[in-house]
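Got chain A sorted already, so can you dock chain B onto it with the hints?
For the protein sequence lines, the chains are A and B, in the order given.
Counting from 716, one number per residue, gives the positions in the first sequence under this note's numbering.
Counting from 831, one number per residue, gives the positions in the second sequence under this note's numbering.
Be a bit skeptical, because a hint or two may be false.
[Stated by the list, open to error] Straight-line alpha carbon distances no greater than 30 Å define the calculated DSS-like cross-link-like pairs of lysine-lysine that follow:
| no. | chain 1 | residue 1 | chain 2 | residue 2 |
| --- | --- | --- | --- | --- |
| 1 | A | LYS1068 | B | LYS1261 |
| 2 | B | LYS1261 | B | LYS978 |
| 3 | A | LYS1051 | B | LYS983 |
| 4 | A | LYS850 | A | LYS1051 |
| 5 | B | LYS1019 | B | LYS1306 |
| 6 | B | LYS1261 | A | LYS1169 |
| 7 | B | LYS1261 | A | LYS1051 |
| 8 | B | LYS1190 | B | LYS1170 |
| 9 | B | LYS1172 | B | LYS1190 |
| 10 | B | LYS983 | A | LYS995 |
| 11 | A | LYS995 | B | LYS978 |
| 12 | B | LYS1115 | B | LYS1019 |
| 13 | A | LYS1169 | A | LYS736 |
| 14 | B | LYS1170 | B | LYS978 |
| 15 | A | LYS862 | A | LYS851 |
| 16 | B | LYS1256 | B | LYS1170 |
| 17 | A | LYS736 | A | LYS850 |
| 18 | B | LYS978 | B | LYS1019 |
| 19 | A | LYS1068 | A | LYS1051 |
| 20 | B | LYS983 | A | LYS1068 |
| 21 | A | LYS1068 | A | LYS995 |
| 22 | B | LYS978 | A | LYS1068 |
| 23 | A | LYS1051 | A | LYS738 |
| 24 | B | LYS1261 | B | LYS1190 |
[Said to hold, decoys possible] One side of the interface only, derived from the structure: several residues of chain A facing chain B at Cβ under 10 Å:
| no. | residue |
| --- | --- |
| 25 | GLY1086 |
| 26 | PHE1093 |
| 27 | ILE1113 |
Worth flagging that the hints you see were computed from the coordinates, not collected in a lab.
For clarity, every value in this text was computed on a predicted model and none was experimentally measured.
Glycine included, each C-beta is placed from N, C-alpha and C at the ideal position.
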Amino acid sequence: MTALIFTIVLGILVLYLGFIKNKTILAPVAIAGLLVSLYLSFQDWGLGSMYFHNMILFDNFSIAFNISMIIITILIFIFGIDYYEDMKLHVAEQYALMIFALAGAFLMTSFSNLIMLFLGIEILSIPLYVLAGGKKYSYRSNEASFKYFMLGSFATAIFLFGIALVYGASATFYLPEIKTFIAQFNGHLPPMLLVGLLFILIGVAFKVAAAPFHFWSPDVYEGAPTLVTAFMSTVVKTAGFAAFYRLLNMGLLPLPIPLEKALWVMTALTLFVGNLGALKQTNFKRLLAYSSISHSGFIMLAMLSQHGSSAAVLLYYTFVYSLATVPIFIIFILMKRASERHEELFIFRGLFKTKPWIAVFMTILLMSLAGIPPTSGFMAKYQVFVLSISQGILWTSIFAILMAIIGIYYYFNVVREVFTEREQPSVIIVSKLNAALIIVCGVAVVILGIFVWKLPI
Amino acid sequence: MILLIILFLPILTGLFLLPFRSASVVRPMALAASVINLLITLSLVLSPSAAYAVEWISFLGINFSLGFDGISMIMILLTNLLFPFILLAGFNREQRNVHILNFLILFTQSALLGVFLAQNAFLFYVFWELSLIPVYFILLIWGGDGRKTITFKFFIYTLTGSLLLLFGIIYLYQLTPVPHTTDFAAFNKLNIPATTQIWLFWILFIAFAIKMPVFPFHTWQPPTYNMASTQGVMILAGVMTKMGIYGALRFLFPVIPQGVLYWQNTVIVLSLIGVIYASLIAFRKTNLKMLIAFSSMAHISLMVAAMFVLNTYALQGLLIQTISHGVTIAALFYIASLIKEKTGTIELPQLGGLKLQAPKMALLLLIVVLGSIALPLTAGFIGEFLMITGLFQQSIWFAAIGGLTMILGAIYMLYAYQRAMLGVQKSVFNKITDIRALDYLILIPLIVVIIGLGIYPQPIFNLFDQSIHATQNLIKPVAEAVSALAH
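Only chain B is shown next, with the shape it has when bound in the complex:
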């Protein structure tokens, strides 16, 4: 029951708020709902036992079943943690049709929670697609220049992946024993021939690879991030990329372990290419939002590589990095939008010396940048350190190239910081103001999470107790496949 509340509270609030057109009513109410949802989620973390299931479309083996394990819990926590700040980012700003915008954001939140709570592949798929629809409209109506074409590309790209995923789900469905079902539990018990697993891997993986994105399925991402509104990009980069990671963990490892094993090195190499490629492009970008977009891609690529080395270190690192990356990237994009708002430009060569007029903003940006480049005592450090340890166990080369994310990241992020904030002040920026109370309200909590997790990650690791169990469950089928091959 509590899961139903978590799932539907945001969208029902959004629907309820639709008739109100005044921003001063809609915004606080929407925020209140998402904060309440966060509190309920936290209570769930403390006493983790809840599930809900009813039959939905029985003749197609579809159940409306909700539940969670450690991995889903981390995703749910991240979603519910970020959405209050995403909603807060809309306060005190000029927005057309506030009631519709807030409805769409809350709709997205519900759909994302649905993805992470679903215990049935069909339900998962429905929420997966549902999350795309409000985001499509958020980008289309409230996006920046060139939104029509870019949104369209984003939409078609993601749907292509989803439809292949749909094929995969139906294929798995008809493999389950009669009466067929789309429950994950039944999928996990399947014993699929290795030859089938090898081709099925790509059918399932492409959807997640596009969402994350993994090289070479990434071309939709940088322009979309660049064009999106502040709130849109916070949703996209902060939470929606994690859908891909979650989906891969949920679908690939338990269901087609041999397929994963077969393509393991291919995916790791693709991801590492992505790391280098995205970092190098980030160097050359003068547009700050584009630069952050590519840096996000580099970090996500490292996460994908870590996911596929299949050991406990790497998976632990992956999960903590999920939260760390989500929070950091949301904060980075928020500050980037602040800069755009205050100066009217996001091009680094036109910026410079902002620190003199806005020292507080510069300081906050510095902290977030340091979190992003995985300085010790930030959450990013723990995540990336664990992931690189995991990569090292697979191959020293993987670890070496993966480690480049941190080094290259430090260079381009600090260089960008220097070009935007330090140096001689441009005369046009004489009048800009420093950040306001609202910005503190958003950035300080996010920074607290980044640093807090970096200094004292133990609460999260305690939460991981169940996810350790879950991750071992993930690796087990693959490990069994390895030992089967050895015999």
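Okay, chain A solo, but in the shape it has when bound:
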């Protein structure tokens, strides 16, 4: 709880720091503040404290996810030092909005009441609508922001409608009470409750960009400033899945048959759309958007396997996915700067020639996303498949494996570009801080893949 309060105060503090001319202090202050939040989160470990009439429950699940999201945000902020260097105005707002979104994410991992979930999603989303339009004079950024806002608010409305319907049927917002209420029907739910639950799931599915509610994500990822895209595809996704899992685990398991079927269809569709969509992309940001959709598919596979350890797998998967995605975005921006701000795949051409070490780490990171040993991305997928196959979900697992092959195809398309030579070698400037960040993430991706232990959540 102290971590949540502190993070919100930190956001306000950073916002006011914007009045000071010297913007170099922003990132250090924000990072130091997040480190304090990190410490405060660790303090809450194992307490399982509840607040506000039990509307919030900080159990180990939520704390573990919060810690993972704080770490990823810190990584993004460290990169922000370099990213925002040339930007004249409104840098403080960028940091502050991301910190506010992070506070919303904390609520999404710790709710035990649907109202809290709604609040969390809104606190997370509203800063993102603004952040997506962060490049005021860019049409694409404006388009992204507008599209995200329109579709996002539409999804929120459906979500809220779902909550209302569930409340109408069960007269409660508390997930444990909803669970006992559902249990008394023995699987034959009244239509109002069923529709309500379905609407709630649709709202959450929109947030994690699960097909068929994924249409916003490639456009928004492409248009938004790259740092914001990195934030969306890592922290926001983690928060979305934590909320999704908590919703299912606290309120809906065992899933009513119609909902379960709907979710399985969504999983297969997400895997299919994400991987097939990525196949023909030439714009790297769109490629990562579709790749992020396909990872949603794998995470949903783990989530629906309903096994005692799927929370741990979920955390591991989202964390190592984020850990690989952030440095990939960093390398992308560096390459974009070196190639007249193009965003196509060919900008990676010649990287091996000019910066062999960055090329090696890029390969390791892409291998992790593709799920090739000895990276942690492989261990994540391995654990997902262990869960799903142990539960007897064979066909969907085979389907997911076939989709993983397509994934390898498009990630290695990029690797191939990295190792292709370019006619005129470009000048790639990598600051020491960025190089350190890339190396730390790359090494961590491998280390976490070799030393895996079971998290007690």
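For chain B alone, kept in the frame of chain A given last:
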């Protein structure tokens, strides 16, 4: 402990050599490491007892356990025997980024040894995939024309098989008694229902079938061999094809004997189709490297057929042929690259009369070709003779078609030899030189192995004492399945 040294010595040397950019430092050091590894392996052959195991990821039942039996020993021996020559093949040649290339080759060696030493299916899988990564880059960076597309096809093809194998491993893992484990020992004790074994067979087999390759999973192979650098193709054809054979022996026979029994004839027929198909295409190929690639496929197909007839003769033949084929094909590809280097072409119609300018090269090629077509007194003869004997016990037709490998092989290989080496000398080749000391250093030892094993295979058969035991262990579950069906 000794197994850890064998496993990690190559890659650690490679890592250590990365900061050195000078070829004159990197190459001898890498070679020294691989020779030392070979010597350690030989000492292991003489006193075969070593194992190593620690828990790795305990909650997923994954152990880092290394060990070997007769079959693994033959594979390890072949790997460590070929790699010094593969490294030697890079000496005195222009190569970009020598330090990275040598690192990747040593990396491959470690990964391959890992595959053959692993006693845990997960560990096996990790090394299986790891071996692919350095080879991918060796092909991508140092390959010939069209390397981008061809390498990509090779990569995706093999990974498709691997991922299905991964599914199979996890499926077997969750069948083991609680606490689940991925140890081979636990897999071998499984009692899987026959209906499951029948579909599981293909999930597991496709990975190995692609690697070997078995018809119709072979389409990646000839262009990849053709495009690869000398060292790349020596690794691919010499050692990596054997991964498929080893994997099939390790996974299929003890774990799903009934599945093997059910699909036995299908696989044999597919392999024999592969024999005929590859031999016929080899006839029509004018590109020498392509021709060798298809001949390799024909030989491997015969090995697969022999593997699936499931008798001791055939398995013995298979194991000796593993070494013989690995050594012969590496030597053949090395000479083919020499020809390419000296004449600038590999197309048979453009070659001819090379014997006049390079008689020593012609002689060495002739010996290797004779080894490849299984002339008596070469190791290939013993291997193929035993395999065809084994096929004969299954069916006379299988033996007859399998025997065609030798006959057809003799025709197309000797014809190719004639077109390249004999006949009227083309005037453009007036200036070419004969082979140098380095080439002797590579080819003579390989030829010594080919002929030595052909004349006096007894040392290897002694080594097989344990593998006879191992092969009988392999056949036993299947034989039991047969007798169960009879009742």
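Quick rundown of the hints versus the structure:
Only pairs whose Cα atoms come within 30 Å are accepted, and LYS1068 (chain A) paired with LYS1261 (chain B) is rejected, the gap being roughly 37 Å. For the given pair, LYS1261 (chain B) sits about 34 Å from LYS978 (chain B) by alpha-carbon distance, which is inconsistent with the 30 Å threshold. With a C-alpha separation of about 29 Å, the suggested pair LYS1051 (chain A) and LYS983 (chain B) falls inside the 30 Å cut-off, and the hint holds. A hinted pair counts as satisfied when its Cα atoms are at most 30 Å apart, and LYS850 (chain A) with LYS1051 (chain A) qualifies at roughly 16 Å.
About 13 Å separates the Cα atoms of LYS1019 (chain B) and LYS1306 (chain B), which keeps this hinted pair within 30 Å; it holds. Only pairs whose Cα atoms come within 30 Å are accepted, and LYS1261 (chain B) paired with LYS1169 (chain A) is rejected, the gap being roughly 68 Å. Between LYS1261 (chain B) and LYS1051 (chain A), the direct Cα distance comes to roughly 51 Å. Violation of the 30 Å bound is thereby established for this hinted pair. Using a Cα cut-off of 30 Å, the hinted pair LYS1190 (chain B) and LYS1170 (chain B) holds, with the two alpha carbons roughly 16 Å apart.
With a C-alpha separation of about 14 Å, the suggested pair LYS1172 (chain B) and LYS1190 (chain B) falls inside the 30 Å cut-off, and the hint holds. Taking the CA atoms of LYS983 (chain B) and LYS995 (chain A), the gap is about 17 Å. The hint holds against a cut of 30 Å. Among the hinted pairs, LYS995 (chain A) with LYS978 (chain B) is consistent with the structure: their alpha-carbon atoms are about 18 Å apart, no more than 30 Å. Using a Cα cut-off of 30 Å, the hinted pair LYS1115 (chain B) and LYS1019 (chain B) is violated, with the two alpha carbons roughly 47 Å apart.
For the hint pairing LYS1169 (chain A) with LYS736 (chain A), the CA-to-CA distance comes to about 47 Å; that exceeds 30 Å, so the pair is violated. Of the pairs offered as hints, the one joining LYS1170 (chain B) and LYS978 (chain B) holds, with about 21 Å between alpha carbons and a cut-off of 30 Å not exceeded. A threshold of 30 Å between alpha carbons decides the hint, and for LYS862 (chain A) with LYS851 (chain A) the separation of about 15 Å falls inside it, so the pair holds. Proposed proximity of LYS1256 (chain B) and LYS1170 (chain B) is supported: the alpha carbons are some 15 Å apart, at most 30 Å.
With a C-alpha separation of about 20 Å, the suggested pair LYS736 (chain A) and LYS850 (chain A) falls inside the 30 Å cut-off, and the hint holds. Only pairs whose Cα atoms come within 30 Å are accepted, and LYS978 (chain B) paired with LYS1019 (chain B) is rejected, the gap being roughly 44 Å. Distance check on the hinted pair: LYS1068 (chain A) and LYS1051 (chain A) sit about 17 Å apart at the alpha-carbon level, within 30 Å; holds. Between the alpha carbons of LYS983 (chain B) and LYS1068 (chain A) the distance comes to roughly 24 Å, so the proposed pair stays at or under 30 Å and holds.
As the CA atoms of LYS1068 (chain A) and LYS995 (chain A) are separated by approximately 26 Å, the hinted pair is consistent with the 30 Å bound. At roughly 16 Å between alpha-carbon atoms, LYS978 (chain B) and LYS1068 (chain A) fall within 30 Å of each other, so this suggested pair holds. The hinted pair formed by LYS1051 (chain A) and LYS738 (chain A) meets the criterion: a straight-line CA distance of about 24 Å does not exceed 30 Å. A hinted pair counts as satisfied when its Cα atoms are at most 30 Å apart, and LYS1261 (chain B) with LYS1190 (chain B) qualifies at roughly 15 Å.
This hint holds: GLY1086 (chain A) has a C-beta 9 Å from the nearest C-beta of chain B, less than the 10 Å allowed. At a threshold of 10 Å, the smallest CB-CB gap from PHE1093 (chain A) to chain B is about 8 Å, leaving the interface hint in force. Among the interface hints, the one on ILE1113 (chain A) holds; its C-beta lies about 6 Å from the nearest C-beta in chain B, closer than the 10 Å criterion.
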